[in-house]
Structure formats: C-alpha cells, structure tokens
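Chemist: Chain by chain, the residues run as shown.
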Amino acid sequence: DGGITQSPKYLFRKEGQNVTLSCEQNLNHDAMYWYRQDPGQGLRLIYYSQIVNDFQKGDIAEGYSVSREKKESFPLTVTSAQKNPTAFYLCASREERGYTFGSGTRLTVV
Amino acid sequence: DAKTTQPNSMESNEEEPVHLPCNHSTISGTDYIHWYRQLPSQGPEYVIHGLTSNVNNRMASLAIAEDRKSSTLILHRATLRDAAVYYCILIQGATGTASKLTFGTGTRLQVTL
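Going line by line, the protein sequences match chains A and B.
Residue numbers for the first sequence follow our numbering, so the first one is 1 and each next one is one higher.
Residue numbers for the second sequence follow our numbering, so the first one is 1 and each next one is one higher.
FYI, nobody ran anything at the bench for these hints, they're computed from the structure.
Since the structure is predicted, the reported quantities are computational estimates derived from the model, not experimental observations.
Heads up, some of the hints might be wrong.
[Claimed, not checked] Simulated crosslink set (SDA-like; lysine to any residue; CA at most 25 Å straight-line):
id, chain 1, residue 1, chain 2, residue 2
1, A, K71, B, T102
2, B, K69, A, E96
3, A, K57, A, P39
4, A, K71, A, N28
5, A, K57, B, E45
Go ahead and model the full structure; you've got the sequences and the hints to work with.
Modeler: This is the structure we're talking about:
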C-alpha cells in the first residue's frame, strides 16, 4: 500500500544535539510538507517542497533545515538552534484529492 | 491564505448525528473545502472534500452553503471511534500549485455513551 513512513516514532535528544527525522513516501507526490504540533495546538508549517531540489520556509522555519534530493524523501533536521524542539512532528505529501500524512515522530529533549 | 473558523469543541451522544460547522467567508472560487480528522498521537486523516455540491462518502457527508461561505461536516451516527479533532481547511484546486497549507486548531469532538 502507498503511504508516508516517518521514523522513528519516538526520539529523544540531548540539548545541543542535532537530530534528523525521516520522511519517505511511495505515492509519487511532488509536494511534501513538515508540520509541528504542540499539545492542544493546531499544525504549524515548518518547511515545504514543491519539487526535488527545491524547498521553501514555512511559518516557523528557524532552527530547522531540510533537503529534497529525491522525490521520495524529505528529511527534517532539528538543529541545536531550535530552542524548544519538544513536539510532535508530522510529514505530509499532496495529491489532487488532498494531503496524506505520516503517523508522526514525537521528539523529546532530555 | 483563506482562513476558516470552527468551534473549539463539541459534544455528542453515541449513535446520534453530529453537525460540525465551518465558516470560510473569504473562500475563493478555486478553493476546495477539505475536512481532516486527527486521533490522539496520530497524523490527520482525510475525511471528505467538496467544491460546490454536497458530497457523501462512507465516512461522512459534506453540506456546502450556496454562497460557499460556510460548510458542515455531518457524521450520521457518531461512535466512540469518531472522537477526534476535526479540521476544516481550504485547498487550492490546481494540483500544480502546492501552496502552503494552514491548519487552525479545529473542533475537538467528544462522544459520550
């Protein structure tokens, strides 16, 4: 079945470390997105990519970086510059009907 | 980006219909109305979408006002498994225009026995 795979499901990071969240899709979608969700809040857009080798900042890009070297992959790096990285991270891709989301990665800073 | 407005929360009894409203007064002619729902600790899942006409699928129905400035998601018989946060969002119809998508806080639906 086609879909979006996010890994890991849970991730713990020490302060000062960079971590990379994986997002892979086999849906052949051009557009991919990263969102952050805090408890009781809606989704906030971090970065999005409309095509390979191209991406744009969303509303809260500071402290994050992405790459889009392959159509299937859109990894998100949470850098040490992100002051409050503990959150639920969601990856999505877009099709004509709408968006497909992954199951999320819960990142906790310890 | 066109915005949507939803109530923060709603309650329903099990086996009864639920009508979840959404206002989108600044909708443009090419915007589709989409509904997603999110269960705890999961990613949002697609529920239904429409442009002008009412839509039905196995999950729900979507009623769209004639002026398209509001819509209502209808769950015909709520079950405990329908307890989730429901998001109403507007998406431009052109597939090639992958504009950034904005989610609000949605409506938290509670279903009780």
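Chemist: Below or equal to 25 Å on CA atoms is what counts here, so check K57 of chain A against P39 of chain A.
Modeler: 23 Å, holds
Chemist: Need the status of pair K69 of chain B, E96 of chain A: alpha-carbon distance at most 25 Å?
Modeler: 22 Å, holds
Chemist: What's the verdict on K71 of chain A and N28 of chain A, does the C-alpha distance respect the 25 Å limit or exceed it?
Modeler: 7 Å, holds
Chemist: Given the hint that K71 of chain A pairs with T102 of chain B, does the C-alpha gap stay at or below 25 Å?
Modeler: 23 Å, holds
Chemist: Is K57 of chain A within 25 Å of E45 of chain B, Cα to Cα?
Modeler: 24 Å, holds
When the structure is compared with the earlier hints, no violation turns up for any of them.
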